[in-house]
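Chains A and B, in that order, are what the protein sequence lines are.
Those letters in the first sequence? Residues 1 to 111, per my numbering, in order.
Those letters in the second sequence? Residues 1 to 112, per my numbering, in order.
Please note that the accuracy of each hint is not assured.
[As the list claims (entries may be wrong)] Residues of chain A placed beyond 12 Å of chain B at every Cβ, according to the derived structure:
{"hint": "1", "residue": "Glu-15"}
{"hint": "2", "residue": "Asn-22"}
{"hint": "3", "residue": "Phe-33"}
{"hint": "4", "residue": "Asp-78"}
{"hint": "5", "residue": "Thr-103"}
[Unchecked claim] Restraint ranges, calculated between C-beta atoms of paired labels, are given here:
{"hint": "6", "chain 1": "A", "residue 1": "Gly-41", "chain 2": "B", "residue 2": "Gly-16", "range": "41 to 51 Å"}
{"hint": "7", "chain 1": "B", "residue 1": "Gly-95", "chain 2": "A", "residue 2": "Arg-60", "range": "19 to 29 Å"}
{"hint": "8", "chain 1": "B", "residue 1": "Asn-28", "chain 2": "A", "residue 2": "Ser-52", "range": "18 to 28 Å"}
{"hint": "9", "chain 1": "B", "residue 1": "Glu-73", "chain 2": "A", "residue 2": "Tyr-39", "range": "33 to 43 Å"}
{"hint": "10", "chain 1": "A", "residue 1": "Lys-2", "chain 2": "B", "residue 2": "Glu-73", "range": "25 to 35 Å"}
{"hint": "11", "chain 1": "B", "residue 1": "Ser-67", "chain 2": "A", "residue 2": "Gln-70", "range": "18 to 28 Å"}
{"hint": "12", "chain 1": "A", "residue 1": "Glu-15", "chain 2": "B", "residue 2": "Gly-95", "range": "34 to 44 Å"}
{"hint": "13", "chain 1": "B", "residue 1": "Thr-20", "chain 2": "A", "residue 2": "Gly-54", "range": "19 to 29 Å"}
{"hint": "14", "chain 1": "B", "residue 1": "Asp-38", "chain 2": "A", "residue 2": "Leu-11", "range": "14 to 24 Å"}
{"hint": "15", "chain 1": "B", "residue 1": "Thr-86", "chain 2": "A", "residue 2": "Ser-12", "range": "42 to 52 Å"}
{"hint": "16", "chain 1": "B", "residue 1": "Gly-53", "chain 2": "A", "residue 2": "Pro-10", "range": "37 to 47 Å"}
{"hint": "17", "chain 1": "B", "residue 1": "Glu-59", "chain 2": "A", "residue 2": "Gln-108", "range": "39 to 49 Å"}
{"hint": "18", "chain 1": "B", "residue 1": "Glu-73", "chain 2": "A", "residue 2": "Arg-77", "range": "32 to 42 Å"}
Please keep in mind that the hints were generated in silico from the structure rather than gathered at the bench.
For glycine and all other residues, C-beta sits at the position ideal for the given N, C-alpha and C.
This is what each chain is made of:
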Amino acid sequence: QKEVEQNSGPLSVPEGAIASLNCTYSDRVSQSFFWYRQYSGKSPELIMSIYSNGDKEDGRFTAQLNKASQYVSLLIRDSQPSDSATYLCAVLGGGYQKVTFGTGTKLQVIP
Amino acid sequence: NAGVTQTPKFQVLKTGQSMTLQCAQDMNHNSMYWYRQDPGMGLRLIYYSASEGTTDKGEVPNGYNVSRLNKREFSLRLESAAPSQTSVYFCASRGTPKEAAFFGQGTRLTVV
Chain A
1 QKEVEQNSGP
11 LSVPEGAIAS
21 LNCTYSDRVS
31 QSFFWYRQYS
41 GKSPELIMSI
51 YSNGDKEDGR
61 FTAQLNKASQ
71 YVSLLIRDSQ
81 PSDSATYLCA
91 VLGGGYQKVT
101 FGTGTKLQVI
111 P
Chain B
1 NAGVTQTPKF
11 QVLKTGQSMT
21 LQCAQDMNHN
31 SMYWYRQDPG
41 MGLRLIYYSA
51 SEGTTDKGEV
61 PNGYNVSRLN
71 KREFSLRLES
81 AAPSQTSVYF
91 CASRGTPKEA
101 AFFGQGTRLT
111 VV
């Protein structure tokens, strides 16, 4: 079992719709959870961090964490073509040292 | 404020050649990381350094060595490059224990 799993996609949504991206992780003592956006040929860019169970909202982005289910998700409201990118889920392990990434989900927003 | 700076941005090596990828951060971060990214494989951790003077292996350390020269700099060395090491290499750094990692712009390495 991979430490961090994501559906590779592509996930296609129409412009203006809600995009829902999901991630599961295996390390029960993981402490911090992150979502990165990566455009083709560019480096990963942090868009959300979440540390405790529940929802965290930042503009059009909402991160959701459920530690009991070992599940973290990212919702993008009012999706725009500029949101088309690969979204990487990352998890900081219990030792506060290793940051492990999923393989990413490619999102395509159709105008 | 440059953040995380990697050099070079592009490099072509012949099989068996050696080279060092340089990384420097100006955010006073304790932890630094080297990842490689291959199509369909995501970001895989090669080595990391939790603090100055310490280094640890990640998921794919074979064929690589690292040096944490000081708090700012963390280099990655390929002693004898192989075609399997063709990849995009990212350096990242992290500050306080719970914080996210911030990435450099990457080095695209081709081994022929």
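Check: In ascending order, which of the hints set out earlier in this document are inconsistent with the structure?
Finding: Violated: hints 3, 5, 6, 9, 11, 13, 15 and 17.
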